[in-house]
Every structure is written in C-alpha cells, then in structure tokens.
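Trainee: Assemble the complex: chain A is given as a structure, and chains B and C must be docked to it using the hints.
Chains as they are written, first to last, in this note's numbering: chain A, 75 to 750; chain B, 37 to 533; chain C, 633 to 957.
Heads up, none of these hints are tricks.
Derived pair list, reagent style BS3-like, types lysine-lysine, alpha-carbon separation capped at 27 Å:
{"id": "1", "chain 1": "C", "residue 1": "707", "chain 2": "C", "residue 2": "687"}
{"id": "2", "chain 1": "A", "residue 1": "599", "chain 2": "A", "residue 2": "573"}
{"id": "3", "chain 1": "A", "residue 1": "599", "chain 2": "A", "residue 2": "435"}
{"id": "4", "chain 1": "C", "residue 1": "822", "chain 2": "C", "residue 2": "804"}
{"id": "5", "chain 1": "B", "residue 1": "131", "chain 2": "B", "residue 2": "281"}
{"id": "6", "chain 1": "A", "residue 1": "573", "chain 2": "A", "residue 2": "623"}
{"id": "7", "chain 1": "B", "residue 1": "160", "chain 2": "B", "residue 2": "281"}
{"id": "8", "chain 1": "A", "residue 1": "435", "chain 2": "B", "residue 2": "400"}
{"id": "9", "chain 1": "A", "residue 1": "597", "chain 2": "A", "residue 2": "573"}
{"id": "10", "chain 1": "C", "residue 1": "853", "chain 2": "B", "residue 2": "400"}
{"id": "11", "chain 1": "A", "residue 1": "85", "chain 2": "C", "residue 2": "853"}
{"id": "12", "chain 1": "A", "residue 1": "597", "chain 2": "A", "residue 2": "623"}
{"id": "13", "chain 1": "A", "residue 1": "623", "chain 2": "A", "residue 2": "599"}
{"id": "14", "chain 1": "C", "residue 1": "804", "chain 2": "B", "residue 2": "160"}
{"id": "15", "chain 1": "C", "residue 1": "661", "chain 2": "C", "residue 2": "707"}
{"id": "16", "chain 1": "B", "residue 1": "281", "chain 2": "C", "residue 2": "804"}
{"id": "17", "chain 1": "A", "residue 1": "446", "chain 2": "A", "residue 2": "435"}
{"id": "18", "chain 1": "C", "residue 1": "694", "chain 2": "C", "residue 2": "707"}
{"id": "19", "chain 1": "A", "residue 1": "446", "chain 2": "B", "residue 2": "400"}
{"id": "20", "chain 1": "C", "residue 1": "661", "chain 2": "C", "residue 2": "687"}
{"id": "21", "chain 1": "A", "residue 1": "442", "chain 2": "B", "residue 2": "400"}
Below, a sample of chain C positions facing chain A; criterion: calculated Cβ distance under 10 Å:
{"id": "22", "residue": "639"}
{"id": "23", "residue": "858"}
{"id": "24", "residue": "950"}
It should be emphasised that the hints constitute simulated quantities derived from the structure, not laboratory data. All of these numbers come straight from a predicted model, not from anything done at the bench. Note that beta-carbon positions come from the ideal geometry of N, C-alpha and C, so glycine has one too.
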Amino acid sequence: MSALLDIKDLKTWLDSSGGTVRAIDGISIEVARGETFAIVGESGCGKSMTALSVLRLLPEAGQIVAGSVLLGGEDLLGLPEAAMRGVRGRRIAMIFQEPATSLNPVLTVGRQIAEVLERHTALRGEAMQKRMLELLVAVGIPDPARRMGEYAFQLSGGMKQRVMIAVALAAEPDLLIADEPTTALDVTIQAQVLDLLSGLQRASGMAILLITHDLGVVAQMAHKVAVMYAGQIIEVASREAFFGAPLHPYSRKLFQALPGSERRGGELAVIRGQVPPLTTEFRGCRFAERCDLAWERCHVEVPGLTACDNGHSVRCHLYDGGKGVDPGERVSAAAPAAPGATDVSEKVQSGPALLSVDGLKVHFPIHKGLFKRTVGQVKAVDGISLDIATARTLALVGESGCGKTTAGKAILQLIRPSAGSVRFDGRELTRLRGRALRERRADFQLIFQDPYASLNPRMRVADILAEGMQALGVADTVAERAARMDRMLAQVGLNAEAKLRYPHEFSGGQRQRIAIARALAVKPKLIVCDEPTSALDVSVQAQILNLLKQLQRDLGLTYLFITHNIAVVEYLAHEVAVMYLGRIVERGTVDAVLRTPRHPYTQALLSAVPALDQAGERKIIRLRGELPSPANPPSGCHFHPRCPQAMAECKREYPQPIRLGENHEVNCVLYRAQTR
Amino acid sequence: MPFLPVILWTDALIYLLLAVVAVFVWYVRRHAHLRAPWWRVAQTPAAMSALVVLAVFVVIGLLDSVHFRLALPAAPDTRTDRAAPRELAYAVDVKSALDVLLSSIANRPERTYSAPLATHAYAKETVELPGKDGEPGRQVRDYPRLKYGGAHLRDPGRDWGPDVLRTAFRGAALALPLWLLAALVLVAACTPADRLTSRDFWHAVWRGKTEVPWRAILITLGLLLLVVVPVMLLSRHYHVLGTDKVGLDVLYLSLKSVRTALVIGTLTTLVMLPFSVMLGIMAGYLRGWVDDLIQYFYTTLNSIPGVLLIAAGVLVLQVYIETHPDVFPTSAQRADFRLLWLCIILGITSWTGLCRLLRGEALKLRELEYVQAAQAFGVSQWRIMARHILPNVMHIVLISVVMDFSGLVLAEAVLSYVGVGVDPSMISFGTMINAARLEMGREPMVWWSLASAFVFMLALVLAANLFADAVRDAFDPRVRVGARKLRWGKTTQAGEA
Amino acid sequence: MYAYIVRRVVYAVFILIGVNLITFALFFKVNTPDDIARLQLGVKYVTPEAIAQWKADRGYDKPLLYNARAEGRHKFTDTIYFEKSVEMFRFNFGRSDDGRDIANEISMRMWPSLALAVPVFLVGMLLQITFALMMAFFRATYLDFWGVVLCVVMMSISGLFYIIGGQYLISKLWNLVPISGYATGFDAFKFLVLPVVVGVIGGVGSGARWYRTIFLEEVGKDYVRTARAKGLSEIVVFFRHVLRNAMIPILTGAVVVIPLLFMGSLVSESFFGIPGLGSYTIEAIQAQDFAVVRSMVFIGSVLYILGLLLTDISYTLVDPRVRFE
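Extracted from the complex, chain A is given alone in its bound form (with noise of 0.2 Å):
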C-alpha cells in the first residue's frame, strides 16, 4: 500500500544572522490515507517547519535544500508555483495554532468560507451557500446562516478554530495538516475541537498530520507517532507501541518529566541541558549531551533510524547492535518512575490559615453613553472566599476568562478590591494605605508566566533581584545585598556571575529561575504563582515544579498556585478552589476534588483533559456553549446554562457552599439532599 504522504529526507534550512540553521536535517515519514499521524516535539525542534515544507509555504528566509514530498506518488517539491497552489486547500489543507490571528479581520466568515469553494470547486451561488451552510453545521456551528455573515472577532476561540476547520474542509482535503490546533484553545473546548476533528476523519476518511507538543492530545488523536528533536524524527511508533513502551532515551524522559498525581511524592525527571543550536554541525547523536545512557560512541557516531519490533523504529545507538540492550532493560516509561513515597507535609494537617480570603470581589465599572454613566459592572471575581495555611499550597483552577489571574492580583492589592476582606497573618489588608501597604508587600510576592516579559530587559539581573530589596528595605548596605543575591541565585540553581548579566541572555527555564528569585529575595511568606510553567517545554516545567517544590519544603514557602493546567496541581497542590465565571465552585483537598469531583463543572473540566493512559475509553462530558460574559453572568448558579444536570432551582440563585466532608465544599444544589 503506498502511503498518501511520503516525505523522503526533507531538509529545510533557514538563514538567520547567526549562520544557517538547518530547521529540518533530513526527515521521512509516511501518513496513510484515513490516519492520524501525530509529529510531537518540544518548542524550537522544527515541527511547524515540517508543515510549512509540505505546503510550501516558509518564510522567506526559508528554503528546503533536499528532499521529497510525495502526495500521492506526484513529489510537490517538483510542482510549478501555478500547480502547488491547485494542491493547497483542495488535496492539503491547514489549520493553525492561533485561530485569532489567522483569520481576516475584515472579511466575513461566509466569504473567508466562499473564496476556497470559489478557487477549488465549481460551486457558486445556490449550491455554494448550501454547501457552506453543509460545513458550518458539520463544524458544529450554532446558528450557522447567521454566523456567516459574521466577523472574526464576534466569534469565540473555540468558534474561529471551528471555522478554521471549516475553511479548511470545504475543498474536501485528502489531507489535513493541524499545527497545533487547540494549543490556544482551553481544555474543554479543547476536547470539543478534538472530537470534532476525529468525528471528521471518521466521516470523510482524510489522513491528518497533527503537529503538537501535548502528549495528551497524541495520546487521544494519533494512530502514529513520531517524535522530533533538534531536526530529526528520533522515534516512529505506533500509538500502542509508543505509550506502552517508548524506546528513545529523550522520549522515554519526555514522560517522567510530566507532572501528575503518581509523581506527588517524588521529583519529576529533568533533562539536563538545552536543545543544541541548529546551526551546529553535529558529529554525533543530538541528544547525546543531554543523555544519561551515552557512551563515548554516542559522541563521535550520528545514529540511523533503527528498525525494532512492529513497525517501531528508534535512532538511538543503544538499540542498533552496538551495546547489546537487554529488551527487558527497556522501562515501560507510563508506569511511575519512583514508588509513590508520599510527601512529608501531606500528613501534615493544616494549620491556622496564613491568607485567608472573603467574600472577595473585583468589579470593573462598564461606562457607556454621552457622559459615560456606569451602566454595569464586569464582575471579574464576584464573591471568592479561600484559606491557606502555612508552607502549603492552594491551587486555583480554571479556564481562560473566570477570573483566577485578577483574583490573584487582588489578593496581592495589585488591583483594589471592590468588596470582601483579605486577612495576611491575621491582618486586613484591603484597608492599608500606601506606606502601610508598601511595609507588608515584602510578606506576598508574585511569580509570572511569562518569563520574557516578566524582566525588564535592560537592567542586568544584579539590578533586577535588588530593586525589590532596595524598595522593602530587606538588606540595608550594598554589601549585605550582593550576598543575598548570591544566596538567592544558588538556591534557584544559577551561578553568581549571573548578575552580571542581561535576562535576554538566559533561556525561558533559566529567567523564570531569576524571577523566581527576584520574589525570594524579599523573604516573603506567600507567593502568587500566576501559570508559571504553562509558557515552557514539558521537560523545563519539571525543572521549575522541582525548584518550587524544593522552595516549599526548605523555606516553608505558602503558594497560591493560578494555573489551567490539571495535572500540574495534582502533582503540586495540597488544596485546590475550581473557578468558573467569577466564582469558586468547588474547593477541598486535592485527592477529595480530583478523584471525587461533585460540582458539574469540575467533573467536566476533568474529563476534558486528555490523559495518557485510558486512551480511548474515557468519556469526555461534553459542555454545551461557551464561557458567558462577566458582564452579564447567568442569574443564579453560573453555570446552569452549561450544565446537563440542571434543575429549575438553579436559574433561581446561587447555591449555598455544601460541606461534602472534612475538606471538601462544593457549590451546587446537586449535593443538597445528602447534608440534610
């Protein structure tokens, strides 16, 4: 059988100012016609690239040196500008990371639908309104004739990737390249984006080519998988093959460094070092510097592509003959890496709260009209009530838009609360001023997600970790700061010397480190982790989840950890608050609300994550809609509209915290009956 796409030793080069970097250093797959064919890398190995070649569409500062990309026996790299631009959108289609962005914005839906029925079929008028109205509905569009007369920017994330889909299905594509398609995407939509494109497949029988670094979403989606490290496939498998047993050292690392609750007690795996420049001429294998298994031949010799056991193929020397590998020396690399040897301060009950939150509301005044009356109010965060105790750490759970980030800067009086009480080691905070408040802001400092932005890129690290210090007056004379410095810099794990240094000369890991320590160097009791790993690579965020953890345990640190990301708390979080729309539906002990959850929405959000594991037997609860309006949340319990358990009751007001047990509150009338 030949494959529908055959890539034969593709090299792409790129020219940049620092030499050429050989993005793409000979690669050959083969997708087969009606299966998903995942290509899974970290940030920066070239998988985009990858995509880009088979359309033809690089920068230009682009350029593929070598190679062949077959479609159906016809090489595309051979084709005529004219004829490439017939395959584009009518035999491959693509769909992108950022919906929000690759969509016109002045043109409507319908016509960014019409203009590829217009290019590759003979549709027009009638049958092409038909037909669009056909895709629409098929993308699961609500109230697609009037969608189509739409703007991009009226639609939702979820809905743009929906019409992504669409435009990208209308000339009925053998094959669908998806550059990350739900990277930008929350989780539960996310599920939705997904089902809706394996429904798809299913339907018209068309090879996908997904590109992703989320090996849930593989795990989900793929038939095949190849992983890419520094230009290269290093790993081909089947979906079983590859999640039962990952053969490559760097694959097999991947999964010990994803986060989860097996991994609680114990530290995750860290790959030491970087991906190597690719500008780089390599003499041996590429992850040979950052391999615990390479020998001296690993340095001097490039590994093939090796040939194992059912169609799973592994470049790597340990497997090529040259070491003799014990097949049962292989690890299963999805069983846990270390008996789960449960965490000391797990045992530890909590004790007096060391923050503790109520009735907390942040309001954004709406002002409309000729005089800009306020006619309403966004309520970002809408009445919060929370605890923390000492040296343990609280997770706030949600998607994009309920208000987790702004709560988080209200409890540091970054934004003034409109209502509720903030109490910091018995203390009210709302009601400092000024100095007061300046003395207290050395107790509760903030840690960011994103790394490039959170340092300002003219002042050298020295200058960045002692602004703080100056400002709260923690060390008084310059000499008793450059010691603290260098404490703080070691105890994140960067050498002294960097303070000598700008943060653009650090990589991601390495200045969220800095900012790390920057909020360390205040001595604070709390800090306010605000997604700081959801910017990195899987194997960088073990890094910063170890130090964190490491920080928690050496210096009895309280966090309030905001993230999306669910298995990032079940490894991290003691306690953990669900918020949708303002409000927090669901709080308790980790293992009480993640294995048990009760709340509707928690238990959806749950289902939505893809997992490695139960791969294909899971049932996703599917949400209906999208995240409403702060500016005009849903009358009585927030997420009624969405909920398939909802009762007329809900509509009516917002449920009463029902206490479950000794460490778990949830918010919904469900659970009622069984406390009376």
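Mentor: For chains B and C alone, kept in the frame of chain A given last:
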C-alpha cells in the same frame, strides 16, 4: 589675546549636545545590549557611507560653531597714560573658525553675479578700454574681467580651459595618495584586532567580506576626496560655484549654510525632547486625569497650523528684538537668537508626534509583567517610570530624533521662503534659494546658487535619511524584513521550475 | 456609537476654546496692539497719536477682557476678546488690517485652493498606493530595493526644488504651460496642470515608502498565510486580503488631512501665483497682517479638528471591529 571668544546661544547648546553624545557613546560602549543594535547599524554599508558624508558636514558645522571676535590691529597709541595696559580693541563682527579657514574665498568679493569658474562677469557692463598713448579709451559694453576669478590668467580665452583641467587633475592626483594613506591607517588599525595578516584583511576589505563594510566606507571616502581636493585647489583662483548678487562666493555661502541646517535639524528636537518624553510617559503610565490633561494639551497645540504658529512666534520675537536692542550687541547675536527661537517654536509644533508615540508605548509597557513585579515590591510610580518605562522607550526617542532631522532641514528652507525662517542676514539654504529664486526670470538663468543649494541639501538630507533608515531598522524590531538576500524576480519557494 | 460621536464633538469644542485662548494670548497679550501698530506704521511715523488712531480704526482701542466703562453685558462684549476672538466662533472674522472683509476674501480664495489641493491629494494618494503596492508585491527583489532607494532620494529633495525644476523645465524650457498665474473657469486648467504634477511628484517619495511599510506589516500577518494555504494566487492574496486590511490605516490616516485641503498649499500657491488661501496666508504673514493670520489660525484649527472627527467616524465605517463595538 589676539581674539575674544564669543559663545553664542546655539554654540553653547551644540557643545552641550556634543557632551551628551560623548556620554551616550561612552555609556553604550559599556553595555552589550545597547551596543548590539549600533553594531547592526555599523554593518549596513549604506549607513556607513552616509555616515562618512555626514561626518564631513558635522566637521564643517562644528568649525563654524567656534566663534570669536578678532583683535583689531593696534592703532597708534595716542594716550597720555602709557603705563596702563592697553585695552585691546576687537572687531565688531563675529567670526568663526570656518571663516578663518575659508578666508581666502570669503574675502574675494566680486561686484555681482558670475558663473562657476568664470573669468568674466555674468552681465555686460560699460568697460573702458585702455586708450592708446594716454588718450582716453573707448567705452564699450562687454563682460568685464572678474577681480579675483581667474585673475592669474593672462589670456583667459586661451588659458582658461587648460588651467582648470590641469588644476582639477592635480587635485585628483593629490586625492589618490590621501586616500591610500587613509586605507593604510585603516589596515594598520584593524589588523591586530582581527588577528589577521594585513594582506588577508586587505583582501577581505576588497571583496566586501569584513563585518564593518570598510569597502563601502573607503569608496565613499575616495569619491569625496576626488571631489573635495580638486575643488580646494580650484578655489584658490576661481569661484568654483560662482558668485551671488553681491559678489559673494557661492561655495562659501553653501559651506556656511551647513551649520544652520545642522542646528535646526538637531536642536529643534532636543530642546523639546525632555518635555515630550516626560509628558508622553506620564500620560501613558499614570492614565486618568493626567492623561486627559496631557492629551488635551497636545491635541490643542497640534490643531493650530504649524506654519502660522511659527509665524506668530517669529513676529513676537521681532517685536521683542526691536524693543530691546541692548540685549543683542552684535548682529550675529541677534541672528543667532532668532535661530534658537526658531528651533524652539519648531520644537513646540513638532513635539506632539513623539509624545503621542511614547504615550502609546507606555500604555503597552505598563501592562507588562516586570512593571507589575515592581508594583508588587511597592516601588514608587516615579521610580517605575524612570527605571522601567523610560529605558524601554529610548529606542523610539532615538529613532524619532534621527528621522526628524532631515524633515527639519527641509522645513527650514520652506520657512525661510515664507519669511518666517532664520534671520535674513543669516546664511542658510533657505535664504540662498530665496535669493536665487528672484533671479529665475533672468536670461540666461542664474542657476548656480540654486544648483549648489540643491546639491548640498541633497547630500546632507539623503545621507541623513539613509543613516536614519539603518538606525530604525536596527532598533525597531517590527520593520525588520526577514532575509536580506535580494532576488531578481518573484519566486515563492524552493523547487521552483 | 452616536454617543461616542457626540462626545467627540463636545471634546472638539473644548479644543477650539483652547486654541482660541492661545491665539488670543499670543496676538493680544504677548504682542500688544501697540506693538503691532508700531510695526505696521513703520519707524518714521510712530507717534502716540498715530498709534491711537491706528488702533481706533481697527477696534483695538478697547480693553482686553473687561470693559469697566460699558454698561451691563457690554462690560464683557465691548472688549477686544469678545469682538476679535469670540466672534470667530460665528465665523465673523472682521476686517483685515488693510480694511478688507476677511470672510469675503476667504470665500473667494477657497475655490482656487481646492482646485489645486484636491487633485494633488487624490492623484497623489493613488500614485503613492500604486507604487507602494508594487514594491510590497515584489518585496525583497531588486525592484523593491531600487524603488525604496528612489523613494528615499525623492524625499530628500526639498519641495522648493520640485517647483523650481518644474517651472524651469516645463514652462521655461518647453513652453508647455504658463509659469504662473490663474484664470477662472476651464481656463484654470492650463495654470493648474503644472502645480498639480509638481505637488504629486513631490509627495510620492515619502508617501509610497510609508505605505509600503504598512503593506509589509500586513503581509507578515497570520491570516495572509491562511489565505496562501487556501491555494489562492499571490495576486488574490494581495488585493483581497492584504490591501483590504492595509486600507484601514491608510484611509483613516488620509481622512484627517481632507478638511485641511481648504487651507491650500502655502508654497506652491505663492510660487505659481494661484490666488488661494495659501498665498493669502503667506501674504498676510509677510505683511504682518494679524487680523488675517488670526483668522487663518482659527480656520486651520477648526478644519484640523473636523479632520479628527472624520477620522473617528471613518474608523467606524471601514473597520468592522470598531463598527460592531
């Protein structure tokens, strides 16, 4: 002392500007991340060629910014008390170092117009032919010989052509060794640093393979020398660019105009820079009523047509000068003060653009996480603006300063034409064009004043524009366009048949 | 949206009041009518009586802001501020210092100004956009490179030289059209051709280069990649996607200058002897006729503010994102 130094207002500001530039260069050299974009500028051939040209203009302008009054030759001492030290008397007119250097061409006035390199006047006059044997000569209408231009030629009709050519060739021949000398100095200076042999280095330069585009720089320098040296030699005996209505040498006028253009181009932005930077950042960072107020302020100023505001401002100054003659003892000081005033008013009309840009940028920056981190430390707002916002908008300020330069040089010409530019007694491109324009109707046309102003302005403005482009490309990440490899046609990807 | 526009109009009025106060201060406080009289009369004829007479003739002999000797509301209306500045809001500009009615003069001189400025604006825009599109379409080729070089060279030449060069070449050397002058009706055509051509050429360099960067910024956006991935040809991508989006900043940027076209062009009107508002302004400046300069400042501000308002409105028209907010 044989001279009395005079520091005009604009001189002082130019010295200040030089000091600021020197500090800036010193500061940038010490900071790698600031050095990097300048290094990119240094690698752009067009920018470096432009810089060579600009450097020549700047040297001329600086020489013209050293002012003094020369001591008058001692008059016979007629005082009774001879023991007291003699008071030195100084000339009323203020001279500059450039005037002294150019004294040979500045002090050779003809009666009126003469064409470039001419030996005879441009218009016929009644000339008295020397009569024979002491008889009164005949009077004829003819082109009279010039007093200085080509005065050394015995028979201009025969000698003029060969003399001009010979002098020009001599100049070109002299330019070559000068150029070689410059090249040798370069090789000597760069070889140890690059750890190459001088031959390798020379080869690299020759093939344009050096990081700093030395080849482009050397070519520009060579061309400049090829023009400048012959002109210098020719100007010893000729008016290379002709003379104007009152017989002044146009080359001299053109060189003197350079300083005016440079002053307008630089000081205008710099006098208003502190305000626009401060107000722009404050509006963007503080928001609220401060923002409203500043926005109202600059929108109001902006809505007044610029030329009219300048006209009003210049009229105000005229009234002031007329009512306070004692403040300005010399005409040079009066003209200089008017120049400064023009810079200030031009600045007032043009600072709003930068202010708005900075406001927008500060609005973006205040939402960045490092600003929030500083807020979480309780750092004061002024400190945040100074440490976090200001350094991160400096590239915009720099780009706007270099981009504005050429526009302002061009604006000066137009304003002088409208009659609200520099003082009519101050030599500038605007006054040159204005004076020449009145003679457009003459037949044959008096073209050389216009042509000189055109060539000098084009060279200055074009060099400034090219340099500004490179600076913008280096500092503004948004305008950088992928690879710099040019193609001949429209191809999209590899594999194109 | 209407509330938004009404608010902008109110804001515009406040700005006009600010402009009015600034011009008043500049023309009556910093330069007092006495100074102006002295300047106008010339050194020889300055006597206190002559100044008083000059001021009385032109109504400058009243108090600036408050007339203590007048009755009732005339205490405020019988002042220089009211008569010379507030009256402008009713477009009553009074008489120029040489005694002619300014409003009448403006209404007559407006048409020649428009006859020159409108074609320069329209043809210039068209040419600049075409040229910019061409460079952006052939980006990173030699065509683009030399196009940019040409633009930079053209924008490095002073506008005065375009005029002088045009007059010399076309009028003097080739005798195609008159050097300067103006006529009414269709005869104006032969006088306008050269100024229009010169105006268009003078603006092409900077305009085309600016629009090119706007186009290039759009070309780099994600939706352009999507359009290419649909298999659309480069021309369709350019005209349907890039041009549409780039027109938003281009059009809204151009709208602000449309009202100012009334003001005419200072330099080219006076060079070509076209009796428009631009040459009127220059003559007033050169004659130091403050009444006219003041009126032109006011009109200029009104037109600029009108331009800002039109910009706001045009945004809501061109950009669906703003329209639906």
